[in-house]
Amino acid sequence: MGSTKAKPNAKNTMSEDLNKNEEENKLEGEVKEPTQDELGEMLRGMIRGTIDKIGVESEVNKEVLKKLKELLANTPSFSQETFNEVLEIEKSMDFLTRTTEANIEAEGQETSIDHIKNYNPDSAEAKVTKIVKAPEKIQKRFDDNEKIHPKMKEAMAVVCAGVFNNCEYPYTLIGSNCYIPHTEYSAKIPDDLDVIFGIKDYKNVIKNLKKLQGMGLVKGLKEEDVLKTDGTKGDKKIHCWVKGGPNDEWVEMEAFAQNMVTQTNEGKVCESYIPLGINEEEIEVIEVSVMSKDKRGKVIKNEKGEIVYEKVKVNIGSEKMARELYLKNIIKEFNLYNKNGWEHKAMLNAKALQRIFNLINMDSEGTEQSINNLMDEIARIEPKTETIRKVRDSLVFLWEQFKSLPINKQDESAGQQKGLVDYINEINKKEINSNQEDPEKKTKEEKVLATESAVDIITKETNFDLDEISTRSKKLKLKYEGVLGNESASKEDIEGAIDDINKERRLLIQTGIKYKNYISIADSKNRDDFCVYAAMPMMRYHFILPYSVELVANKIRLIKKLEKLRDM
Amino acid sequence: MKEQIDNGIQKDQTKIIEPPFSYEKFLEDAGSMTKEEFFKHFMPENPNSEEIAVVEWMAEDIPFKKSE
Chain A
1 MGSTKAKPNA KNTMSEDLNK NEEENKLEGE VKEPTQDELG EMLRGMIRGT IDKIGVESEV
61 NKEVLKKLKE LLANTPSFSQ ETFNEVLEIE KSMDFLTRTT EANIEAEGQE TSIDHIKNYN
121 PDSAEAKVTK IVKAPEKIQK RFDDNEKIHP KMKEAMAVVC AGVFNNCEYP YTLIGSNCYI
181 PHTEYSAKIP DDLDVIFGIK DYKNVIKNLK KLQGMGLVKG LKEEDVLKTD GTKGDKKIHC
241 WVKGGPNDEW VEMEAFAQNM VTQTNEGKVC ESYIPLGINE EEIEVIEVSV MSKDKRGKVI
301 KNEKGEIVYE KVKVNIGSEK MARELYLKNI IKEFNLYNKN GWEHKAMLNA KALQRIFNLI
361 NMDSEGTEQS INNLMDEIAR IEPKTETIRK VRDSLVFLWE QFKSLPINKQ DESAGQQKGL
421 VDYINEINKK EINSNQEDPE KKTKEEKVLA TESAVDIITK ETNFDLDEIS TRSKKLKLKY
481 EGVLGNESAS KEDIEGAIDD INKERRLLIQ TGIKYKNYIS IADSKNRDDF CVYAAMPMMR
541 YHFILPYSVE LVANKIRLIK KLEKLRDM
Chain B
569 MKEQIDNGIQ KDQTKIIEPP FSYEKFLEDA GSMTKEEFFK HFMPENPNSE EIAVVEWMAE
629 DIPFKKSE
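Going line by line, the protein sequences match chains A and B.
Heads up, the first sequence is in the numbering used here, so the first residue is 1 and it goes up one at a time.
Heads up, the second sequence is in the numbering used here, so the first residue is 569 and it goes up one at a time.
Just so you know, these hints were derived from the structure itself, not from any lab.
Please note that a few of the clues may not be correct.
[To be verified] List time: in silico DSS-like cross-link candidates among lysine-lysine, alpha-carbon distance up to 25 Å:
| # | chain 1 | residue 1 | chain 2 | residue 2 |
| --- | --- | --- | --- | --- |
| 1 | A | K447 | A | K418 |
| 2 | A | K430 | B | K603 |
| 3 | A | K479 | B | K634 |
| 4 | B | K634 | A | K474 |
| 5 | B | K593 | A | K447 |
| 6 | A | K390 | B | K633 |
| 7 | B | K608 | B | K633 |
| 8 | A | K442 | B | K593 |
[Stated by the list, open to error] Some, not all, of what chain B presents toward chain A, calculated at C-beta under 7 Å:
| # | residue |
| --- | --- |
| 9 | D597 |
| 10 | F607 |
| 11 | P612 |
| 12 | E619 |
Note that CB positions come from ideal geometry on N, CA and C, so glycine has one too.
Pulled out of the complex, with its shape left as it was, chain B reads as follows (with noise of 0.2 Å):
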C-alpha cells in the first residue's frame, strides 16, 4: 500500500512545536549555577553507565558559571 501525504503547502498537518523556553532565561538560569551543581541536582540516584553518559552529553553544552 502506497502511503498518503500532505503536501503542506500553506496547511500543515503536523503540529508547529515552538520551543517553550526562552533563550535569555535559560542563558541566565545556566549561568546561576556550576557544572557540579547541574550534575548534583539533576543526576539521578544511583545512576547507570548510561544516565551518567547522557548528563555528561547534556552538559556539554550549557554555558555554567565558572566553578569558583
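Pulled out of the complex, with its shape left as it was, chain A reads as follows (with noise of 0.2 Å):
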C-alpha cells in the first residue's frame, strides 16, 4: 500500500499520510506496521478529507458528497476495496479542477473583471461624474463582513462583473448599500440591491442580465415601467433576483434605468431622487473580495483544491448621495399627506422617522447639529418648490414643539439620559450592547444602537396603529352612516350603532393614553427622542383628533335620531 503513489494536488491522502509514516518511521529507526485499526481510521481520515475538499457548489458534488458520507459511515476498518473507490472519487475531483483551469485559459479574459470596460469618459454624462475610490475607512466597512453580508457582496460582483461594468454611461449603487457603508454604527445591514444607470445602457444591461440568467446567477427577471405620481409611465425599472451564494441564497435587486444629460438636453424629464449623469455626482469605487466563477457559475479551485478568490470593483454612491437620496425621501413622506385637506397640515409619514434618523446618523454629522443641519439641507434642495417649503416648515414646527416639552427632571437629577428611546427600548425588552472596548465609543456606539432601534418600533407601532385606525373607522363609518340614512331604522338599529361608537371611544383613549404618555416621557435635552417623537403629533392631529370629533358628531346625530323617534 505504501507503494500506492497519490495524485499531486491530493492533499493529505491516505497514500501520502501512509509514505509520511513510513518516512518518520525510518527516522527514528523503527520499522512498525499500523494496526488494522489504525488503517481504518486513516482511511476515515482519508474520507473525511475529501468531503472537506468537495463543497456543495454543483449537483454532480452534491452526489459524491453523499456517496462518501456514505463510505464513511460504513468503514469501522480498512478495506482495500473503499480504499481504491475514494481514489477513483480523488481522481475524477483532479479532473474537474484540470477542465476548469483548462476553461480559464480558454476564455482568457472571460473570467477576469475590468472596472467599466466600456465607459466613454468623454461623454456628457461622465463629463458630471466623478469616480473616485473609495475612502479606506469605507472600503474596509465592505472588507468586514459585518457591515455587508458575504451573501451582498457575491452579488455585488455578479451584477457588477457581468453587467453594469459593462456600461458606457455612469452607474452607481444606492440605498442602503450606499448608506450602511457611510455609517459607524449601525445595527442594520442592507438586504437589497439598488441601482442607478443611463436609459442608453439599457438594452445591454437587459442582455447581460439574460446571459446570467442563463448560467443560473439571476432569476425572476422583469422588465417594469415606474409608474409616475400621475400615474403615468416613467423610467424603466428591472426587478430580478441575484445569486449570492452555493446555498440556494437569492438578493432581491431593482435596477432604475434613467434619463441622463442627452435627453435632458432633449427635453425629457429625469425621474430619479439622484441625478446622476446630469448634475455633479460622486461615485466612490470599492473592491469587494468573492469566490471565482467559471462561465458554469461553479467555484473555481487552485490546484491545491483551494477556492481562488478575486476582487470586483463596484460603485456606489457617495455620503453626499446617500444624503441627497434621504433628504428626497423625507420630501415624498410628507408629500402623501397633500390629499383630503390636510395640505398645509403636513406630518411625518412613520416611514420618515427612519429617513431622519439615517441622515443624522451618518458619518460626517455631530449629534448636536444634526437636526438644524437636516432643515437647513431641505431648504438648500433644488428645484426649490413649494412642497420643500412646507417640508421645511412642517419640520420647524416639528422641533420647536419637541423643544417646548419639558425636560426629564426625574431622571436628570439620578445622573441618567433616561428619555423616550430608552423608555421604547425597556418596554420591548431590546438589550443594546455595544463590543467597542473604547469607554467613549461604546457609549457613542449604544447610543446610535439604542435610537436605531426605537426609531424601528415605533415606526412597526404607529404604523399598525395607523392602519389600525383607519381601517376600524371606514368599517364603524359604513355601519353608523347606514343607520342615519335609513329612514325606517329601528330603535335596536339606533342604539346598536351607538353601543357601537362607545365601544370605539374606549379603544381609541388606550391609544391616545399609549401616545399622550409617550410625548410625557419625551426629553427635550435628548435629541435622539426627536426622531422618536416626531411619530406623534401625526398620529395625535391627523388620526386620534379628527377620529374622536368624527364618533361624538355621529353620536350626537344618532341620540336626536333616536329622540325623534321616541317622539313619534
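Now that you have both chains on their own, put them together as the hints suggest.
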C-alpha cells in the first residue's frame, strides 16, 4: 500500500499519510506496521479530507458527497475496495479542477474583470460624474462582513462584473448599500440591491442580465415601467433576484434606467431622486473580494483544491449622494399627506422617522447640530418648490414643539439620560450592547444603536396603529351612516350603532393614553428622542383628534334620531 | 444577528396610510359641538383619572364651538 502513489494535488490523502508515516518511522529507526484499527482510522480521515475539499457547488458534487458520507458511515475498519473507491473519487475531482483551469485559459479574459471597461469618459454624462476610489474606512467596512453580508457582496460582484461594469455611462449602487457603509455605527445590514444607470445602457444591461439568467446566476428577471405620481409611465425598472452564494441564497435587485444629460437636453425628464449623469455627482469605487467562478457558475479552485478569490470593483454612491437620497425621501413622506384637505398640515409619515435617523447618523454628522443641518439642507434642495418649503416648515414646527417639551428632570437628577428612546427599548425588552472596548466609543455606539432600535419599534407601532384606526373607522362609518341614512331604522338599530361608537371610543382612548404617555416621557434635552417623537404629532393631529370628533358628531346625530323616534 | 432593512428608494415595505378623515369635515364637526358636549359624549362611564386626563389632552387642540 505504501507504494500507491497519490495524485500530486490530492492533499492529505491516505497514501501520502502512509508514505509520511513510513518516512517518519525510518527516521526514528523503527519499522512499525500500522494496526488494522489505525489503517481504518486513516481511511476515514482520507474520506473526511475529501469531503472537506468538495463543497456543495454543483449537483454532481452533491452526489459525490452523498457517496463519500455513505462510505464514511460504512467503514468501521480498513477496506482495500473502499480505499480504491475513494481514490477514484479524488481522481474525478482532479479532472474537474483541470477542466476548470483549461476553461480559464481558453476563456482568457472571460473570468477577469475590467472595471467599467466600455465606459466612455468623454461623454457629457461622464464629465459631470466624479468617480473616485472609496476612502479607506469605507473599503474597510466592505471588507468587514459585519456591515455587508458575504451573500450581498457575492450578488454585487455577479451583477457588477457581469452587467454594470460593462456600461458605457455612469452607474451606481444606491440605497442601503450606499448608506450603511457611510455610517460608523448601525445594527443593520442591507438586504437588497438598488442600482441606477443610464437609459442608453438599457439594452445591454438586459442582454447581460439574460446571459446571467442563462448561467443560473439571476432569476425572475422582469422589465417594468416606474409609475409617476400622476399615474403615467416613467423610467424603466428592472426587477430580479441575484445569486448570492452556493446554497440558494438570492438577493433582490431593482435597477432603474434613467434619463441622463443627453436626454434632458432633448427635453426629457429625469424622474430619479439622484440626477446621475446630469448634475455633478460623486461615485466611490470599492472592491469586493469574492469567489471566482467559471462560465457555468462553478467555483474555481486552484491545484491545491483551494478556492480562488478575485476582486470585483463596484460603484457606490458617496455619502453626499446618500444624504440627497434620504432628504428627498423625507419630502416624499410629507408629500403623501397633501390629500383630504390636510395640505397645509403636513406631518411625517412613520417611515420618515427612519430617514431622519439615517441622515443624522451619517459619518460627517455630529449629534448636536445634525437636526438643524437637516432642516437647512432641506431648504437648499433644488429645485425649490412649494412642497419643499412646506416640508421644511413642518420639520421646523415639529422641532419647535419638541424643544418646548419639558426636560426629564427626574432622570436628570439621578444622573441618567433616560428619555423616550430608552423607555421604548425598555418596554420592548431590547438590550443594546456594544462590543467597543473604548468606553467613549462604547457609549456612542450604544446611543446610536438604542435610537436606531427605538425608531424601528415606533415606526412599526405607529404604522400598525394608523392602519388599525384607518380600517376600524371606515368599517364603523359604513355602519352608522347606514343607520343615519335609513329612515325606517329601528330603535335597536340606532342603539346598536351608539353602542358600537361607545366601544370604539374606549379603544381610541387607550391609543390616546399610550401616545400621551410617550410624549410625556420624551426628553427635549435628549435630541435622539426627536426621531421617535416626530411620529407622535401626526398620530394625534391627523388620526386621534379627527376620529374622536367624528365619533362624537355621529353619536349626537344618532341620539337625535333616537329622540325623534321616541317622540313619534 | 444583524437586522436586515429595506432601503425604501422607490419601494416601501412599510404600508403608507393616509388619514381617512377630511380636514374640512374635522373643522365642521368640531365647530358643531361645544367642549362640554365632547366631554359628555366621549368620556366613558365611570372614567378613571388616566381616561379623564387623556380626553382633556385630546380636547386641548380641537377647535370647538364656543360655549354659549
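So, going through the hints one by one against the coordinates:
no.	hint	in the structure
1	A/K447 / A/K418	holds (11 Å)
2	A/K430 / B/K603	violated (41 Å)
3	A/K479 / B/K634	violated (30 Å)
4	B/K634 / A/K474	violated (29 Å)
5	B/K593 / A/K447	violated (43 Å)
6	A/K390 / B/K633	violated (29 Å)
7	B/K608 / B/K633	holds (15 Å)
8	A/K442 / B/K593	violated (51 Å)
9	D597	holds (4 Å)
10	F607	violated (9 Å)
11	P612	holds (6 Å)
12	E619	holds (6 Å)
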